[in-house]
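Given the sequences, and given the hints that come with them, work out the whole structure.
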Amino acid sequence: TDVEPEVAAQGVPKKRTFKKFSFRGVDLDSLLDMKTDELVKLFSARARRRKMVL
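Here the sequence shown is numbered in the working numbering, starting from 126 and rising by one per residue.
Derived pair list, reagent style SDA-like, types lysine to any residue, alpha-carbon separation capped at 20 Å:
hint, residue 1, residue 2
1, K160, R149
2, K166, D154
3, K145, M159
4, K144, S155
Derived by calculation from the structure, the hints in this document are not laboratory data. All values reported here derive from a predicted model rather than from experimental measurement.
Encoded structure:
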């Protein structure tokens, strides 16, 4: 397995690293802080049209 020997000897599980989420090059924290108008500009044309219908 991918467990380092010193970690296995201690019985402590290895810390997991998670992928950092980004949408079109903008990270999640920035996306959450954006206003709706700014966020809609990142969407594709189809998604923007769909948003207008709703």
